[in-house]
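2 protein chains.
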Amino acid sequence: MKRTNGGITAPKGFMASGIHAGIKASPLLDLALLVSDVEGPIAGVFTKNQIPAAPVILDRLHLKKQYGRAIIINSGNANACTGAHGLKDAEEMAKLVAIRLDISTTSVFVGSTGVIGPRLPMPAIRKGIPSLMQRLRKSGHRDAARAIMTTDTTVKELAIQTRIGKQLVTIGGMAKGSGMIHPDMATMLAYVTTDATIQPKILQVSLREAVHSSFNTISVDGETSTNDTVLCLANGMANNTMIPWHSADHKKFQHALNDVCQALAMKICQDGEGATKIVEILVHGAKTDQDAKVISKTLATSPLVKTALFGEDPNWGRFMVAIGRAGPAIQPKHVEISFDDVTMVKNGQEIIPSRERQVQRVMKKKSYAITVTVGRGKSSAKVWTTDFSYDYVKINASYRS
Amino acid sequence: MKRTNGGITAPKGFMASGIHAGIKASPLLDLALLVSDVEGPIAGVFTKNQIPAAPVILDRLHLKKQYGRAIIINSGNANACTGAHGLKDAEEMAKLVAIRLDISTTSVFVGSTGVIGPRLPMPAIRKGIPSLMQRLRKSGHRDAARAIMTTDTTVKELAIQTRIGKQLVTIGGMAKGSGMIHPDMATMLAYVTTDATIQPKILQVSLREAVHSSFNTISVDGETSTNDTVLCLANGMANNTMIPWHSADHKKFQHALNDVCQALAMKICQDGEGATKIVEILVHGAKTDQDAKVISKTLATSPLVKTALFGEDPNWGRFMVAIGRAGPAIQPKHVEISFDDVTMVKNGQEIIPSRERQVQRVMKKKSYAITVTVGRGKSSAKVWTTDFSYDYVKINASYRS
Numbered sequence: 000m001k002r003t004n005g006g007i008t009a010p011k012g013f014m015a016s017g018i019h020a021g022i023k024a025s026p027l028l029d030l031a032l033l034v035s036d037v038e039g040p041i042a043g044v045f046t047k048n049q050i051p052a053a054p055v056i057l058d059r060l061h062l063k064k065q066y067g068r069a070i071i072i073n074s075g076n077a078n079a080c081t082g083a084h085g086l087k088d089a090e091e092m093a094k095l096v097a098i099r100l101d102i103s104t105t106s107v108f109v110g111s112t113g114v115i116g117p118r119l120p121m122p123a124i125r126k127g128i129p130s131l132m133q134r135l136r137k138s139g140h141r142d143a144a145r146a147i148m149t150t151d152t153t154v155k156e157l158a159i160q161t162r163i164g165k166q167l168v169t170i171g172g173m174a175k176g177s178g179m180i181h182p183d184m185a186t187m188l189a190y191v192t193t194d195a196t197i198q199p200k201i202l203q204v205s206l207r208e209a210v211h212s213s214f215n216t217i218s219v220d221g222e223t224s225t226n227d228t229v230l231c232l233a234n235g236m237a238n239n240t241m242i243p244w245h246s247a248d249h250k251k252f253q254h255a256l257n258d259v260c261q262a263l264a265m266k267i268c269q270d271g272e273g274a275t276k277i278v279e280i281l282v283h284g285a286k287t288d289q290d291a292k293v294i295s296k297t298l299a300t301s302p303l304v305k306t307a308l309f310g311e312d313p314n315w316g317r318f319m320v321a322i323g324r325a326g327p328a329i330q331p332k333h334v335e336i337s338f339d340d341v342t343m344v345k346n347g348q349e350i351i352p353s354r355e356r357q358v359q360r361v362m363k364k365k366s367y368a369i370t371v372t373v374g375r376g377k378s379s380a381k382v383w384t385t386d387f388s389y390d391y392v393k394i395n396a397s398y399r400s
Numbered sequence: 000m001k002r003t004n005g006g007i008t009a010p011k012g013f014m015a016s017g018i019h020a021g022i023k024a025s026p027l028l029d030l031a032l033l034v035s036d037v038e039g040p041i042a043g044v045f046t047k048n049q050i051p052a053a054p055v056i057l058d059r060l061h062l063k064k065q066y067g068r069a070i071i072i073n074s075g076n077a078n079a080c081t082g083a084h085g086l087k088d089a090e091e092m093a094k095l096v097a098i099r100l101d102i103s104t105t106s107v108f109v110g111s112t113g114v115i116g117p118r119l120p121m122p123a124i125r126k127g128i129p130s131l132m133q134r135l136r137k138s139g140h141r142d143a144a145r146a147i148m149t150t151d152t153t154v155k156e157l158a159i160q161t162r163i164g165k166q167l168v169t170i171g172g173m174a175k176g177s178g179m180i181h182p183d184m185a186t187m188l189a190y191v192t193t194d195a196t197i198q199p200k201i202l203q204v205s206l207r208e209a210v211h212s213s214f215n216t217i218s219v220d221g222e223t224s225t226n227d228t229v230l231c232l233a234n235g236m237a238n239n240t241m242i243p244w245h246s247a248d249h250k251k252f253q254h255a256l257n258d259v260c261q262a263l264a265m266k267i268c269q270d271g272e273g274a275t276k277i278v279e280i281l282v283h284g285a286k287t288d289q290d291a292k293v294i295s296k297t298l299a300t301s302p303l304v305k306t307a308l309f310g311e312d313p314n315w316g317r318f319m320v321a322i323g324r325a326g327p328a329i330q331p332k333h334v335e336i337s338f339d340d341v342t343m344v345k346n347g348q349e350i351i352p353s354r355e356r357q358v359q360r361v362m363k364k365k366s367y368a369i370t371v372t373v374g375r376g377k378s379s380a381k382v383w384t385t386d387f388s389y390d391y392v393k394i395n396a397s398y399r400s
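Protein chains in written order, with numbering that gives the first Met the number 0: chain A, 0 to 400; chain B, 0 to 400.
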């Protein structure tokens, strides 16, 4: 398995484009298109929010067919909380692409991200689609990746290659997201492409597993949006033998898919709104997996923990507060807290003499791990989080202004 | 019922004092004492955090007797996560006061607030107690209220009077808290005194109810600390006839106690770390009380909602995201959101023409109400919250530095 150039167009038979259609202020790109030469299996994982945006509703419908060929995505407007009109607009976006490709509307998927509430500026989108089609090319991956950005400060894309049977298989991906990031999905969109030959059911199971070990382990601010979507389109053009269930090839494919999703998730976390740190929180010794998950999420979303990370302050009492209020049963007397390999708290108390200085050195790093043991069992969980900085407040107090 | 001067010493037979003992930097007051002329019923409500501080463990023990006479409280050190040594220190604090008053140690209650982890500087406390005793007086309420402050910027105390039978009964109170404030208690201490004659069991039930409708409805940052304590000491010196269960007098007393606790809670909320706004969030139409509570808390703790409050940005989509991710079942199509009396969202969508300007006018106020209806039933919940400002980050990134 190795990294290769390009993003979503790195696998065989994919083209992409991105333009400024007029949804965002000029000259920002705001409309992206991804097209495969041939139709292929598609898998999707969506937000658990009870108020899904129109494109999420539409994609869930289209996904029933399990096959697709194109994805159109706009930024600057989430097409969320827009009712029946919004659903019609999302359908029209798909239809306009379908007509030009001469395929069924249900083979086209739609994504939107941006402000919630207002209706999509359909005239701009209608007008933009011809030039979006015209610009479709192998080198269009970066424009597409730029066109899905909102408060992102970096373009997020990558591609890797692995051998499946005798064939070289490529997986590419792009993502957007920096605010509203939280385990179990957030305002994030991720699109993954591959030229692997694979059955839709295996693709769906593999994508769900990849999302579980990647996008679902990052947390910037605890939010879960109306629009979160991860889609994976496989066009079979690598001509590998069909990947059998639970085979060595399946494992290899899963491994590569996890790798792409984890790398994209890490790029999102690194670009967390106002983030100056990226911290891995590991919880060990919980009674159940669910308990471990709840404790790790409580730590990852605690404003007092996150401001302490920003302030590089070894104020471990704040971790104790979060561990104690999380809910799951813990053993106060067996709590341990380490910063990278420096253990600061043992048996629920600070180790004497204090290792505050060593911990402070760890906390000055841009990225490090905090390991917490709660002494109730054998379950673990992991989550990546960021700090809360002045800039987090700044970005979010003025997002629409 | 009317407000009267003074705080915890307004009821008959109470004296208080506050000094600088040397736990915090000079000249800040850091040690407070409250003493009743006679022993009386005492009630307490404590943190639900699984890692309670030493004084909480001690107070829970002493409360079994249901009677008390004095409370000693320090700020600058939470005596939390300090193990067996910490419990011994808390006991010694109680004992030193008990010896000087010639009463049982179990009649003395202890409170601590400040940094978690380090042991109490017992030499400073031992040295401070004689002058703390010496300064005990009727006019000491304000010094005591100052001595329990940490990041608080205002002194929080008040007293009210009401007639029970033929007697005038007074209830006084003081509180500290501005960070880690959240429904179900937080790093907050509140001490309430009264000269009412009342049975300990009625006092305990009444205090729990008062806490439920006051301290448990405020949220600054979603934290729940190791030290949260509300104690209510009643010395019977008003000489009213013993208050019978569920009587008109009981209702009157409950009403007055609620009033004191709500006023103290509001003072804490107004002093929320870095808060520039205080916003009442009302949730209607939930299926169950628990559902309403969860939705209101999710809104009150969402960083995206709280930064929008700070930015005075009518970005109602953030409310929709929080409502949709909260968990409890809702009807997206029936969601309504109002800012004071301006309804902005109806049937899950923005009302056209947009009322953004009117809403912006409401959001510019220092205090207002946001009402959310979720269309699933008849249950409601209410919570007070504050905004997230630059200063919240500033205060918490450098609390110990």
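Heads up, some of the hints might be wrong.
Put simply, identical chains are the same to the list, so a pair is met inside one copy or across any two.
[Unchecked claim] Calculated pairs, SDA-like style, for lysine to any residue (alpha carbon to alpha carbon, straight line, at most 20 Å):
1. K165 / D36
2. K377 / L27
3. K332 / L86
4. K345 / Q49
5. K332 / R118
6. K87 / I350
7. K47 / R375
8. K251 / R360
9. K200 / L27
10. K345 / A83
11. K364 / H19
12. K286 / Q49
13. K94 / D36
No wet-lab data here; the hints were simulated from the structure.
Bear in mind the structure is a predicted one, so any value in this text is a computation, not a measurement.
Original post:
If you check each hint against the structure, which ones fail?
Top reply: Hints 1, 2, 8, 9 and 11 not satisfied by this model.
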